[in-house]
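Residue numbers (my numbering), protein chains in the order written: chain B, 855 to 1227; chain H, 855 to 1227.
Mixed in with the good hints there might be a few duds.
Because identical chains cannot be distinguished in the list, a pair is counted as satisfied if it fits within a single copy or across any two copies.
Said to hold, decoys possible - With a straight-line cut-off of 27 Å between C-alpha atoms, the simulated DSSO-like cross-links for lysine-lysine are: (1) Lys1108 to Lys1038; (2) Lys965 to Lys1027; (3) Lys987 to Lys1033; (4) Lys1108 to Lys1027; (5) Lys1027 to Lys1134; (6) Lys1099 to Lys1033; (7) Lys1038 to Lys1024; (8) Lys1033 to Lys1134; (9) Lys1216 to Lys1027; (10) Lys1108 to Lys1024; (11) Lys966 to Lys1038; (12) Lys1108 to Lys987; (13) Lys1108 to Lys1020; (14) Lys1108 to Lys1145; (15) Lys1145 to Lys1216; (16) Lys872 to Lys1033; (17) Lys1093 to Lys1020; (18) Lys1145 to Lys1134; (19) Lys872 to Lys1099; (20) Lys1108 to Lys1134; (21) Lys994 to Lys1093; (22) Lys1033 to Lys1097.
Hints in this document: simulated from the structure, not taken from any laboratory.
Protein chains: 2
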Amino acid sequence: MAAELENDLFLRACFSQKTERTPVWLMRQAGRYLPEYRQTRAKAGSFLDLAKSPEYATEVTLQPIDRYGLDAAILFSDILTVPDAMGLGLTFDSGEGPRFLHPLSSEEDVKKLPVANMEQLRYVFDAVASISKALTSNGKQQVPLIGFTGSPWTLACYMIEGGGSKDFAKTKKMLYDRKDLIQKILDINVQSITEYLTLQADSGAQALMIFDTWGGLLTPSDYLEHSLAPMSAIISSIKSNPKYKDLPIILFTKGGGLWLSDIAQSGANVIGLDWTIELKRARQTINHASKNPIAIQGNLDPSILLANPAEIDARVMQLFQGLSTADVAGGNPLDGHIFNLGHGISQFTPPENVAVLVDAVKRYSTSFRASAQ
Amino acid sequence: MAAELENDLFLRACFSQKTERTPVWLMRQAGRYLPEYRQTRAKAGSFLDLAKSPEYATEVTLQPIDRYGLDAAILFSDILTVPDAMGLGLTFDSGEGPRFLHPLSSEEDVKKLPVANMEQLRYVFDAVASISKALTSNGKQQVPLIGFTGSPWTLACYMIEGGGSKDFAKTKKMLYDRKDLIQKILDINVQSITEYLTLQADSGAQALMIFDTWGGLLTPSDYLEHSLAPMSAIISSIKSNPKYKDLPIILFTKGGGLWLSDIAQSGANVIGLDWTIELKRARQTINHASKNPIAIQGNLDPSILLANPAEIDARVMQLFQGLSTADVAGGNPLDGHIFNLGHGISQFTPPENVAVLVDAVKRYSTSFRASAQ
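Turn these sequences into a full structure, and let the hints steer you where they fit.
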């Protein structure tokens, strides 16, 4: 668990330290666009059969590391495991959209909602331990392993709606009409997630990420109260544990570009960004809002990977060129940045385009780093 | 067509003039949430049968004006009429989602795409004339009539995809892979929309709105190039006609809150806002970015109408309270604002909640106007 890292670029960038190039990993990097993933999946059965098997989860987690030389591994799992362990019954439709068999459809349902049973999440902790072990040889771990979960608000959206939605109108109705019930759900989610992420760290995760997929649907004041505050509470709880005060935490609110000054107060070490904001602007806004160094992660539009190698190369070049002009007193503007997409990789991505992307990131982040010094 | 207006609050607010209270209208105000709409619809047949009948379109356009005393009427139509008149064959699925029978699925399709045939849009111009007439008695028109269309980029999304989509991946792929084809489509859309909106004005529309529903999916640079620039070109063309240099134009990019400084350069008189940005912040950003007065329109989350009267009242109060603290040298911060939702009204809205909303807007916009002076 405390193995030395062969490649610590990602962790150094999380702490906004100087690095020789920008670390790169991709949201949903282990997934259906990879033929080797589809092979493992065929052996395993359903998506959940795969996610719930520590052995198969380990196999697919390592596939993109081996193929592309990425700088971090991320646990193969789902953002909705926690409500599943509250008894809501997670399933996936044939189109792979998540669905809960027992959504919170009445006041009664909310009132009897239990904190997630960590025993039922043992498969996750076992997978974390198994992946850590598989990444390690001769006492050295190849790259760090990131654990994760959905945010309290994002979980609430699915728990109430029962599945995906265009506008999450049921959830919004409950938010506006019965704030007491939303608060109860969020409190249970905060408590469950804090325990869940801590146990992932206990099992060997070296960084943690909170995916706030639907925080961007809220008004500014509701975002602060019902999405950001619960996430901040989780971060503060985890970091109050002396063992984890230096464990990097990444907070990613999709569509949160307008609220970066507030997100910078959350206690997160890294702020994830989607592609609707320039990295330069995000970097400057965050630097301005916080005295502590906060790193950024993102933010190429994943659809760019559906285009051609020349366009991918050009877009990566523009991304680093833009960031290199950010005004950050002192340091190199390319430090404290982790390259990623602005959202999960599409299942229709040609695998060879990802190789082009990773190569371009390594190349341009080295050359622009030199010229920005 | 040049009838005097009984209520010109909306037009005065479009020009950032002083008003005694804030004008209010609601996107999709004529729609399925109203029982009288459902009655007309049952007589008319499908949604398109209704939209294509000037008589029925007039009937439903007036219904919310009569019921709620709103300050503007908006043509009952669809944002996708223009590609229908290019021969793409607009239909609506049973869930009311739009679909094109002949989407642009090959390079060949794009190359032979014609400019929209305005003859095939005569039903729209007839509806505009018919509504204007129905709004008028004794030479006075009750409220102004707004004409509209989807934006060039938003039309392109549906024309390429063939219907709605979570991420419009086909369109994005074409944008990144074959910019020449996207440019061709956008050029045709700009030319068609310019003609279409001008003919709506010729028929009696006193303001025009461009709905950019999907511009918010783009990266900042692609938004500027492929959504904002085409909209600006349309605005500039329309206003170069001496007859329409003072015709107010509203530009609404959903999810465009990060780009308001750029949108302020578009030539639009009014900028539409969704609920993810505070009015105060939007007002200050826009004022800072433009020397010319630009009004704002929005931005209550339509889901608030699914809640209870007390919550609706409180949220409207907060909205005006927030805006009243905006720093606008000289004028009253509540002037140059048109109240609206941040997106179309939900079909599940209880009609009585809309009455509560309109009453609250009239009340609070009067009282906060007085206290902010």
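Hint check results:
In this homomeric assembly, Lys1108 and Lys1038 come within 27 Å of each other (Cα to Cα) only inside a single copy, at 24 Å, whereas the closest approach across copies is 31 Å. When the C-alpha separation of Lys965 and Lys1027 is checked against a cutoff of 27 Å, the pair qualifies only within one copy, where the shortest distance is 17 Å, while the shortest distance between copies is 46 Å. Taking the shortest Cα distances, Lys987 and Lys1033 never come within 27 Å of each other, neither inside one copy (44 Å) nor across copies (46 Å). In this homomeric assembly, Lys1108 and Lys1027 come within 27 Å of each other (Cα to Cα) both inside a single copy, at 21 Å, and across copies, at 21 Å.
Proximity of Lys1027 to Lys1134 under the C-alpha cut-off of 27 Å is restricted to the inter-copy arrangement: shortest distance 25 Å between copies versus 37 Å within a copy. Proximity of Lys1099 to Lys1033 under the C-alpha cut-off of 27 Å is found in neither arrangement, the shortest distances being 32 Å within a copy and 48 Å between copies. In this homomeric assembly, Lys1038 and Lys1024 come within 27 Å of each other (Cα to Cα) only inside a single copy, at 16 Å, whereas the closest approach across copies is 41 Å. Proximity of Lys1033 to Lys1134 under the C-alpha cut-off of 27 Å is restricted to the inter-copy arrangement: shortest distance 25 Å between copies versus 37 Å within a copy.
Taking identical chains as interchangeable, the C-alpha atoms of Lys1216 and Lys1027 lie at most 27 Å apart only when they sit on different chains, with a minimum of 24 Å there against 46 Å within one chain. Taking the shortest alpha-carbon separations for Lys1108 and Lys1024, both the intra-copy value of 20 Å and the inter-copy value of 21 Å come in at or below 27 Å. In this assembly of identical chains, the alpha carbons of Lys966 and Lys1038 lie at most 27 Å apart only when taken from the same copy (10 Å versus 58 Å across copies). With identical chains, the CA atoms of Lys1108 and Lys987 are never at most 27 Å apart, being 32 Å at best within one copy and 46 Å at best between copies.
In the homo-oligomer, the alpha carbons of Lys1108 and Lys1020 lie at most 27 Å apart both inside one protomer (15 Å) and across protomers (14 Å), since each shortest distance falls under that limit. For a Cα distance limit of 27 Å, the shortest separation of Lys1108 from Lys1145 inside one copy, 24 Å, qualifies, whereas the shortest one across copies, 33 Å, does not. With identical chains, the CA atoms of Lys1145 and Lys1216 are never at most 27 Å apart, being 29 Å at best within one copy and 44 Å at best between copies. In this assembly of identical chains, the alpha carbons of Lys872 and Lys1033 never lie at most 27 Å apart, being 45 Å within a copy and 37 Å across copies at closest.
Taking the shortest alpha-carbon separations for Lys1093 and Lys1020, neither the intra-copy value of 35 Å nor the inter-copy value of 36 Å comes in at or below 27 Å. Both within a single protomer and between protomers do Lys1145 and Lys1134 lie at most 27 Å apart by alpha-carbon distance, with minima of 18 Å and 26 Å respectively. Proximity of Lys872 to Lys1099 under the C-alpha cut-off of 27 Å is restricted to the intra-copy arrangement: shortest distance 21 Å within a copy versus 55 Å between copies. Taking the shortest Cα distances, Lys1108 and Lys1134 sit within 27 Å of each other both inside one copy (18 Å) and across copies (23 Å).
Taking the shortest alpha-carbon separations for Lys994 and Lys1093, only the intra-copy value of 26 Å comes in at or below 27 Å, while the best inter-copy value is 68 Å. In this assembly of identical chains, the alpha carbons of Lys1033 and Lys1097 never lie at most 27 Å apart, being 35 Å within a copy and 51 Å across copies at closest.
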